[in-house]
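Each chain, letter by letter, is given below.
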Amino acid sequence: MPLSLQDVQRIAHLARIRVDEAEAAGYQTQLNGIFGLIEEMQAVDTRGILPMSHAQDLSQRLRADVVSESDRRAAFQAVAPQVENGLYLVPKVIE
Amino acid sequence: MTDTIVSLSVLLATGQASSVELCQDYLGRIAQLNPLLNAFVTVNTDQTLLDAAAADARRAAGDIGPLTGVPIAHKDIFCAEGWLTTCGSKMLSNFVSPYDAHVIGQFKAAGMPCLGKTNMDEFAMGSSNETSYFGPVKNPWDTRRVPGGSSGGSAAAVAGRLCPGATGTDTGGSIRQPAALTGITGLKPTYGVVSRYGMIAFASSLDQAGPMAQTAEDCAWLLNVMAGHDPRDSTSLERDKEDYACDLASPLAGLKVGLPREFFGAGLTGDTARAVEAAVAQLQKLGARIVDIGLPNSKLSVAAYYVLAPAEASSNLSRFDGVRYGYRTPEYGDLAEMYEKTRAEGFGPEVKRRIMIGAYVLSHGYYDAYYLQAQKLRRLIAQDFVEAFKECDVILGPTAPTTAFKLGEKTADPVQMYLSDIYTIAVNLAGLPGMSLPCGFDAQGLPIGMQLIGNYFAEARMLNVAHQYQLATDWHTRAPLLEV
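These protein sequence lines map, in sequence, to chains Y and D. Using my numbering, the letters of the first sequence correspond one by one to residues 1 to 95. Using my numbering, the letters of the second sequence correspond one by one to residues 96 to 579.
Everything labelled a hint here was simulated from the structure, so no lab data went into it. The structure displayed is predicted, hence computed values, not measured ones. All residues carry an ideal CB built from backbone N, CA and C; glycine is no exception. Keep in mind that the hints are not guaranteed to be accurate.
To be verified - Pairwise CB distance ranges, derived in the manner of DEER restraints: (1) Y:Q6 / D:P391: 34 to 40 Å; (2) Y:L89 / D:K336: 41 to 47 Å; (3) Y:S59 / D:G428: 42 to 48 Å; (4) D:R356 / Y:Q6: 43 to 49 Å; (5) D:L131 / Y:A43: 43 to 49 Å; (6) D:A464 / Y:V66: 40 to 46 Å.
Unchecked claim - Chain D residues, not near chain Y, derived (Cβ > 12 Å throughout): (7) A155; (8) K351; (9) D366; (10) I385; (11) A574.
What the hints assert, rightly or not - Computed list of lysine to aspartate or glutamate pairs in EDC-like fashion (alpha-carbon distance at most 16 Å, straight line): (12) D:K436 / Y:E21; (13) Y:K92 / D:E432; (14) D:K501 / D:D237; (15) D:K501 / D:D537; (16) D:K351 / D:E482; (17) Y:K92 / D:E426; (18) D:K394 / Y:E39; (19) D:K394 / Y:E40; (20) D:K485 / D:D387; (21) D:K394 / Y:D45; (22) D:K436 / Y:E23; (23) D:K185 / D:D416; (24) D:K436 / Y:D20; (25) Y:K92 / D:D429.
Working from the sequences, and respecting the hints, build out all of it.
Right, dumping it as structure tokens:
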């Protein structure tokens with residue numbers, strides 16, 4: 001089922017990427033081409049096959065609940081677009 | 096400048112060269128040739144020479160490892176403290192990393208100076224190095240052609256002898272395919288052997304770092320530096336330290352080499368087929384026995400990969416929102432607009448396509464049909480290898496379906512570009528080690544690579560096979576003629 005222009009805009013919104021109308025048609029063609037490649041997997045009978053999420057069968061390790069990092073807030077915030085008093089600045093979310 | 100890492104380590108150990116002298120030579124060659132190749136995004140002469148002087152001081156004090164003082168370049172996907180770390184993207188074009196990736200820390204501890212950060216496809220998404228925000232890398236064998244990708248800058252830098260070795264990362268073939276297209280040797284280890292800490296994430300269940308160099312022997316020594324457990328990466332495996340160079344000298348008598356019939360079918364033609372078949376004959380001469388094997392589900396690997404990798408990428412790249420680091424759009428009203436414009440302007444088209452595919456296949460109503468189905472195919476693909484390794488020790492085939500293609504040849508059609516990785520992707524899905532090494536040239540003088548695939552943790556065995564092949568052949572010693 002090929003993606004419509006509306007689908008492309010919905011996906012772009014889910015991905016938080018602004019796509020204007022002129023770009024949407026290009027994405028529609030390219031994404032449909034890629035989904036054409038992906039579709040071949042639908043023909044495979046995978047009943048009874050366990051999904052494989054990872055190359056190694058690992059369980060998450062736990063570590064002791066102790067402080068292991070030093071405070072490097074100034075260094076980390078030095079690369080942020082906008083900070084003030086140690087806080088990251090973004091447009092107001094709650095009125 | 097044709098020295099291997101091993102030969103440079105001898106020059107240093109015998110006092111015939113200092114690290115400062117070696118670094119000056121390579122920096123000179125980078126200054127001369129990088130305008131032609133665009134292999135490096137960042138060079139920092141002062142820092143490199145400081146690293147080198149420190150390495151020389153360590154040697155004088157007797158505090159050395161086998162590679163102390165040998166310089167190396169790093170793919171710009173590895174965070175390196177104080178270095179611009181762009182991942183080939185406008186999104187991180189202003190990001191000076193405040194910390195070191197585990198891999199960078201390992202090379203620092205080994206006393207190996209950093210010659211610079213190499214160009215790459217944006218966020219490692221590409222097979223030609225043409226998606227980089229910093230422009231395409233040129234193949235040193237023919238500068239009208241691509242070096243492959245995504246580790247195209249590292250590959251071109253090694254092939255052009257701008258550095259003796261470099262780090263790369265491989266999610267679907269990004270070490271092996273550019274190694275093949277530039278005539279060098281590159282290895283993707285078993286998933287979990289090298290820590291991903293500080294390596295900017297693309298698809299976390301597939302990403303793995305590895306070495307790129309002229310020879311298998313050099314790759315073994317570099318892997319000795321890179322590998323090892325790191326508690327900061329929860330997928331880093333707890334294994335005893337291994338010496339990947341320990342088996343290099345073993346003879347190949349009795350080695351069982353599996354040839355997957357699916358890799359030698361209709362898709363493989365011409366010079367690539369002839370070169371790979373000649374390599375098979377060479378290994379037989381060295382005592383190997385050929386075994387016919389099947390990987391019937393490998394044909395599904397490209398489709399499964401282009402569901403799984405974008406799904407993981409859409410999640411990983413959600414962190415680039417213009418808040419904590421990197422690019423932020425100059426003009427915005429509310430928070431949603433800030434996110435959407437920042438990501439629209441900061442990411443290039445290929446990254447946006449993959450994020451959108453990922454967002455779609457994970458979205459409500461499509462998850463089972465795409466994501467879950469792809470995970471089931473992943474198991475089928477991995478099981479093929481388990482069966483195959485009951486019959487053989489290593490698997491051999493081509494690395495890439497063609498030699499280096501022309502710049503711009505495949506950029507219009509993403510699907511054509513994706514098929515460049517048709518022989519490499521299954522290895523990532525299974526989490527196996529794989530490597531590419533040079534095995535000939537086509538009629539146009541472009542290098543051809545063959546791929547070796549090993550069982551889990553069989554890096555030392557693969558490197559042994561590759562080294563013995565390289566002792567008997569000289570393809571890996573050929574270097575392009577580069578003049579400015």
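Do the hints match the structure? See the list:
At roughly 39 Å, the beta-carbon separation of Q6 (chain Y) and P391 (chain D) lies within the given 34 to 40 Å, and the hint holds. Taking the beta carbon of each, L89 (chain Y) and K336 (chain D) are about 46 Å apart, inside 41 to 47 Å as hinted. Between S59 (chain Y) and G428 (chain D) the beta carbons are some 45 Å apart, a value that agrees with the proposed interval 42 to 48 Å. For the hinted restraint 43 to 49 Å between R356 (chain D) and Q6 (chain Y), the CB-CB distance of approximately 45 Å keeps it satisfied.
The hinted range of 43 to 49 Å is satisfied by L131 (chain D) and A43 (chain Y), whose Cβ atoms lie roughly 47 Å apart. Checking the proposed 40 to 46 Å range against A464 (chain D) and V66 (chain Y) shows it holds: the Cβ atoms sit about 45 Å from each other. Non-interface call for A155 (chain D) relative to chain Y: holds, since the shortest CB-CB distance, roughly 32 Å, exceeds 12 Å. Here K351 (chain D) stays apart from chain Y, with its beta-carbon at least about 24 Å from theirs, past the 12 Å limit.
At the 12 Å boundary, the C-beta of D366 (chain D) stays outside the reach of chain Y, the nearest C-beta of that chain being 27 Å off. Once the 12 Å rule is applied to beta carbons, I385 (chain D) is consistent with being away from chain Y; the minimum gap is 28 Å. Distance to chain Y confirms A574 (chain D) as a non-interface residue, since its nearest Cβ pair spans about 35 Å, more than 12 Å. Of the pairs offered as hints, the one joining K436 (chain D) and E21 (chain Y) holds, with about 15 Å between alpha carbons and a cut-off of 16 Å not exceeded.
Distance hint between K92 (chain Y) and E432 (chain D) is fulfilled; the C-alpha atoms sit about 12 Å from each other, no more than 16 Å. As the CA atoms of K501 (chain D) and D237 (chain D) are separated by approximately 9 Å, the hinted pair is consistent with the 16 Å bound. Restraint check for K501 (chain D) and D537 (chain D): satisfied, since their Cα atoms lie roughly 15 Å apart, inside the 16 Å limit. With a CA separation close to 14 Å, the supplied pair K351 (chain D) and E482 (chain D) stays within the 16 Å bound.
Under the criterion of a C-alpha separation no larger than 16 Å, the hint pairing K92 (chain Y) with E426 (chain D) is consistent with the structure, at around 15 Å. Annotation: proposed proximity of K394 (chain D) to E39 (chain Y) holds, straight-line Cα distance about 13 Å (limit 16 Å). Note on K394 (chain D) and E40 (chain Y): the hinted pairing holds, with a Cα-Cα distance of about 10 Å set against a maximum of 16 Å. For the suggested pair K485 (chain D) and D387 (chain D), the alpha carbons sit about 12 Å apart, so the restraint of at most 16 Å is met.
About 15 Å separates the Cα atoms of K394 (chain D) and D45 (chain Y), which keeps this hinted pair within 16 Å; it holds. For the proposed pair K436 (chain D) and E23 (chain Y), the alpha carbon gap of about 14 Å is at most 16 Å, so the pair holds. Restraint check for K185 (chain D) and D416 (chain D): the C-alpha separation of about 13 Å stays at or below 16 Å, so the hint holds. Proposed proximity of K436 (chain D) and D20 (chain Y) is supported: the alpha carbons are some 11 Å apart, at most 16 Å.
The straight-line distance between the Cα atoms of K92 (chain Y) and D429 (chain D) is roughly 7 Å, inside the 16 Å bound, and the hint therefore holds.
When the structure is compared with the earlier hints, no violation turns up for any of them.
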